[in-house]
Amino acid sequence: MHLLELLDVAIGYGVIKIIDNLDLYMDEGEVIAIIGPNGHGKSTLLKGIARLNTIHHGKIIFKGIDISVMDPHEVAKLGIKYIPEAGGYFPFMSVMENLKIGGYYLRSHIFKTKLKEIEEIFPWIKYRYKQMANTLSGGERKMLSIARALISEPKLLLLDEPSLGLAPIAKQEVKKAIRSIISSTKISIILAESELAMVKDLADRVFLLKNGKIKEIEVDKISSNLEEYLV
Amino acid sequence: MVIRATIYIYGAIMVVSLILIPIIGLYINQTILTLAIISLIFGISALSWNLLLGYGGVWFFGQTGVFGLSAYTYGLMSRNYDPWISFILSIVISIIPITVISLLSIRLKSAYFALATFAFNLLVSAALIAIYPANVIFQIPRLYINIYSYKLKFDEYNSIPYYILLLTITIIFLYIQKKMLTSILGIRFIALKENEDRALSLGIDPLRARLPFIIVSVIFTSIAGSIYAQYLGSISQSIFGLDIFIVFLIILGLGGIGTFYGPLVATILWSFIDFWLSLFATQYRIIILSIATIVVLIYLRSGIGGLIDLIGTKLIGVETHSSRRKTSEEIHYRH
Amino acid sequence: MGIIEDVSVIMISSLAIGSIYALMALGLSMLWSTLNLINFAHGSLMMLGAYIFVYILMSTNNLLLALLAIPIMFLIGMATYKTVFEKTSRMEDFLLRNALITLVLGAMIEQLINIYFGGTYMKIPEFVSGYIFIGSLRIASQYIAITFISLGLLFLLYLIIFHTKYGLAIRAVGQDLQESLLCGLNIRNIYSVTVGIGFVLASIAGILLGSIYIFNPVSGRIPLLISYIIVIFGGVGSFMGTLVASYIIALLYVSSSYYIGGSWSLFIAYLMMLLILTIRPYGIFGGRR
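Residue numbers (the numbering used here), protein chains in the order written: chain Y, 1 to 231; chain F, 1 to 335; chain W, 1 to 289.
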């Protein structure tokens, strides 16, 4: 059984369909990347899985459960954590409070364990626990949003353009963090990106999402020629 | 503008109200006329409130204050001054504080304006009770019309003039409402409600867009208040009490916020139901009506007026979308 | 009485009244900032709590049983959320609708109380009797007792909101709904509990006030207005702001009642509100809204 299956789904907002007739599947531990021009549905796809928009028809099955009719918070509780392009953290709370909310449903000893793991992936974070989230830099906020999702022992991480708007150094840090998540855990990841460098060396499979239609492409073909696909 | 079938239906209703009710009232049963008059008084106030609340999304909660203030002003002034002058004065007196409050708080978040106007009710009643502590004002003189030697008295034995007067005022109000809402003023007004941020970014000033409508609403509510005072002949502090306030709420809730004729329909409905209930369940009638209002507010998006809109045809020119169904992600984002 | 006595009386009154106002205003502030609910029924809820308390007290003569009024109000709050506000959230104009519903509810509660208890004045008997002497002042022990009770409850509320996980969840939902969803928080449950807490805070304030002042079904109206003035002054959603504002407003209210007279204090309070709205509508501590 696949971890996640999308069967002939149409996803959009209200009455507008952005994606139609989409099929996709992924297995546990996989890292897949969705690339494509902006506005063609990458975010919509991820949000659809997180149940933040409308599913017009089709099914999304996660671990055998049909999640297409669920509410966003139910889906989050099942272990699917969506990390949005912007936000993903509470600006008016401290770093520790953000993590505590992320790990809301964890027992306190498990929370402590997970906190240690987070500290390993983001070593800087242990010096910032008391700091208000909106005083962090752009890169740090992005990493906080990842940490917040990570601390809850997710099964599936949906990363929506994690490198967006970040300085090059920060992008490297984020990529490094994702890499260490991949190497140290069995968390499945769907990565939506428009920057190919982020996707390189990380993804097991790559898909191109254009005009609401998806197509798998060869991992090796991800070189600069692929720019042509993004136009 | 395309004239649709509704205009004939409403035209028929007008004929009925202009001809049938007075006739029944005069020759068959006086009560119908009294009910109709009270209905119209509350109806005008409810319609004025609806203009702000429903069409403009203006959180104006000062209705009872205005109603009571003009009733009191008219009652107190007309003992010493000419009824017509008192009438005008009561309107002016109501406009002033509301304008001041609007100047101060209309540009802020809706809730603040709501509180300022809601508190206005409390203050007006406290102030008036302090100024005139006696419980009741008696023998309030009525308006009169003196055209050359023809005297038309609005006396107790002849309710018809009041009925005609109120009917005329209602029609004038509906006409002004329609004209204003379909003018450029109305477009700005409704824009603020539909999408506040966008409207503001377009340079629409909440004060200038809303104040005309607020003033119109206050004018008509105070007219209703003054007429209420003189029709009853006496008013007491209870005018600021629950009874009238809840009536406005009930009418608005039942009739549908933001529908064109909803409040009127609800007023008629209310007056009959209330009358019927008062025959055997006086104490509980407010409770029953309140529960009914809440139920309607929860389940009927646009109240009874909306129901009529749904059943009947489109309104003449002015649509309302105060309660369209939300899309699923909006539901999730909100709740 | 000399100046020192005057000032002492005013200070002590402000402390007592301010603490009760703080409970009231915090309840209101929670409903406003977390659910976007402008609760016009807050005053009536105060009275409802007080009347339920009195009713149980008079029927059973047992103070502890009378305290059941508080969990009862909590349940009423949760039930109200589930039956009313959860459903209206589907509508586009639910904010206005909810505010109107609270108006109707408030009026309805006043009427209900009127029917069952009549309009005559009631008072909750003191839990502690006697007087305490501080210097040359004679203060009712009840007064001291309610001051301590309110301060204790305020501290408890502070602990719950800022030092428990559930309090964190409530704050999260009030700050950012979507982020809370992403973390898997059950918004509806949190909302219903928050409404319950709001109702409870109102009723506690009503019970405490009712033990030192007489009240009738409509006695909640002025406290409602004062609560809003406090919340606006302190900044919506700001715990500290609301707390500080409660004492400041209490001080102003008590002083003006003392020197000018009760009926004028309402006007002064209202003028203050208009002034605040003009100068600094987002509160002294700049609430989030």
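Treat the hints with care, as some may be off.
Derived DMTMM-like pairs: lysine to aspartate or glutamate, alpha-carbon spacing no greater than 20 Å straight-line [claimed, not checked]:
#1 W/Lys165 - Y/Glu153
#2 Y/Lys213 - Y/Asp8
#3 F/Lys109 - W/Glu5
Listed next, the stretches of chain F that the computed footprint assigns to chain W, with coverage defined by at least 3 CB atoms under 8 Å from CB atoms of chain W [unchecked claim]:
#4 55-67
#5 96-106
#6 121-134
#7 217-231
Calculated from the model, a selection of chain W residues having no Cβ within reach of chain F, i.e. all distances over 12 Å [stated by the list, open to error]:
#8 Thr88
#9 Ile149
#10 Pro217
#11 Val218
#12 Tyr228
Keep in mind the hints are simulated off the structure, nothing from the lab. Keep in mind that this is a model prediction, so the values were computed, not measured. Ideal placement from N, C-alpha and C gives every residue a C-beta, glycine not left out.
Structure-based check of all given hints:
Restraint check: the Cα-Cα separation between W/Lys165 and Y/Glu153 comes to about 18 Å, which is no more than 20 Å; the hinted pair holds. The straight-line distance between the Cα atoms of Y/Lys213 and Y/Asp8 is roughly 11 Å, inside the 20 Å bound, and the hint therefore holds. The suggested pairing of F/Lys109 with W/Glu5 is violated, with an alpha-carbon distance near 43 Å, which exceeds 20 Å. Counting residues of the stretch 55-67 of chain F whose CB falls under 8 Å from any CB of chain W gives 3; the rule of at least 3 is met.
Residues of the stretch 96-106 of chain F lying with their CB closer than 8 Å to a CB of chain W number 3, which satisfies the three-residue condition for coverage. Coverage of a stretch by a chain is defined here by at least three residues with a beta carbon nearer than 8 Å to that chain's beta carbons; for the stretch 121-134 of chain F and chain W the count is 5, and the condition holds. Under the rule that three or more residues need a Cβ within less than 8 Å of chain W, the assignment of the stretch 217-231 of chain F is violated, with 0 such residues. The non-interface label for W/Thr88 is inconsistent with chain F: the shortest C-beta to C-beta separation is roughly 6 Å, within 12 Å.
Every C-beta of chain F lies more than 12 Å from that of W/Ile149, the closest at about 28 Å, which supports listing it as non-interface. Here W/Pro217 does not stay apart from chain F, with its beta-carbon only about 9 Å from theirs, under the 12 Å limit. With a least CB separation of 8 Å from chain F, W/Val218 falls inside the 12 Å interface cut-off, contrary to its annotation. Non-interface call for W/Tyr228 relative to chain F: violated, since the shortest CB-CB distance, roughly 5 Å, does not exceed 12 Å.
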